[in-house]
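The letter at position 58 of the sequence shown is residue 58 when you use the numbering used here, and the numbering goes up by one with no holes.
By construction, these hints were calculated from the structure, which means they are not laboratory data.
Everything numeric in this text was worked out from a predicted model, so none of it was measured.
Incorrect hints may have been included.
Stated by the list, open to error - Calculated pairs, DSS-like style, for lysine-lysine (alpha carbon to alpha carbon, straight line, at most 25 Å):
1. K17 <-> K35
2. K90 <-> K123
3. K122 <-> K90
4. K122 <-> K101
5. K101 <-> K90
6. K123 <-> K101
7. K12 <-> K35
8. K122 <-> K12
9. K26 <-> K12
Claimed, not checked - For each label pair, taking beta carbons as the anchor points, the in silico distance ranges come out as:
10. N96 <-> G132: 18 to 26 Å
11. V139 <-> E25: 42 to 50 Å
12. F134 <-> T36: 19 to 27 Å
13. T153 <-> E126: 29 to 37 Å
14. T153 <-> D100: 25 to 33 Å
15. G22 <-> R155: 46 to 54 Å
16. K12 <-> H104: 34 to 42 Å
Backbone N, C-alpha and C define an ideal beta-carbon position, used for all residues, glycine too.
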Amino acid sequence: MRALLALNAGGKYLFPKDTKEGAPEKHAAEGTLTKTWLERQTQSSETRPGRRPIGPERKPRKTEEVGLLDLHGGHWTTHDLRRTLGTLSKRLGFDNETIDKCLHHRTGTMLQRNYIIDDDRKKMIELWHAFGDFVSRVVDSAKTDEAALSVATERAEKFAAMRAECYVKVSAKKPIADDI
Numbered sequence: 001m002r003a004l005l006a007l008n009a010g011g012k013y014l015f016p017k018d019t020k021e022g023a024p025e026k027h028a029a030e031g032t033l034t035k036t037w038l039e040r041q042t043q044s045s046e047t048r049p050g051r052r053p054i055g056p057e058r059k060p061r062k063t064e065e066v067g068l069l070d071l072h073g074g075h076w077t078t079h080d081l082r083r084t085l086g087t088l089s090k091r092l093g094f095d096n097e098t099i100d101k102c103l104h105h106r107t108g109t110m111l112q113r114n115y116i117i118d119d120d121r122k123k124m125i126e127l128w129h130a131f132g133d134f135v136s137r138v139v140d141s142a143k144t145d146e147a148a149l150s151v152a153t154e155r156a157e158k159f160a161a162m163r164a165e166c167y168v169k170v171s172a173k174k175p176i177a178d179d180i
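Make the full structure from the sequences, and use the hints.
Quick look at the structure:
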C-alpha cells in the first residue's frame, strides 16, 4: 500500500483519475481497473467460450503492454482476485466475518449491522498484511525456483481445464422448464 502511495507522489487516491491541470483530484471509475487489466491480457473469445470478445476483437487497444498480465491458467478477472483473497485468507486462519468485511460483503442481519458495531480494523489490517506477505512469498519463490514455477503452472493449467469442463457441463444441461 505504501509503495502504491509513493508512486502516486503524495496524491489522495491509490488509483487517481487523469484530470485537467488545476482540477480537483478524483478516483478512477470502478471499471477502469478491470478494463486496464483486460487490455493487458491477450486471451480472446476463443479461449473464453460463450463470452463476449475482449481485447483486439472488441476494439483497438490503448496500451503497448499487451500480454503483461497473461497467466498460464488463462484469462482472469478482478473477481478472481476476490475469490483468491477469500480462499487464501481462510487457509491463513482468518474468521469468516473478517474475510467478509475485507471483501465488503454485508454481514449479519440488519439488526446486527445497526446495533452491534465493532471496529475490526485491526483484524482487517492483519488479514491484508498476511495476504500480502503470502503473495510476496509466492512471487519471490516463483522467481527463484523454476520447480515451484512449473508446479504452479501445472496447477493453474489443471484448474483452467476443470473450469472449462464445468462450463461445458453447465451449458449442456437442459433448461429447467423442459423438466416440468
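Exercise. Which of the listed hints are broken here?
Worked result: Checked against the structure, the hints that fail are numbers 11 and 16, while the rest are satisfied.
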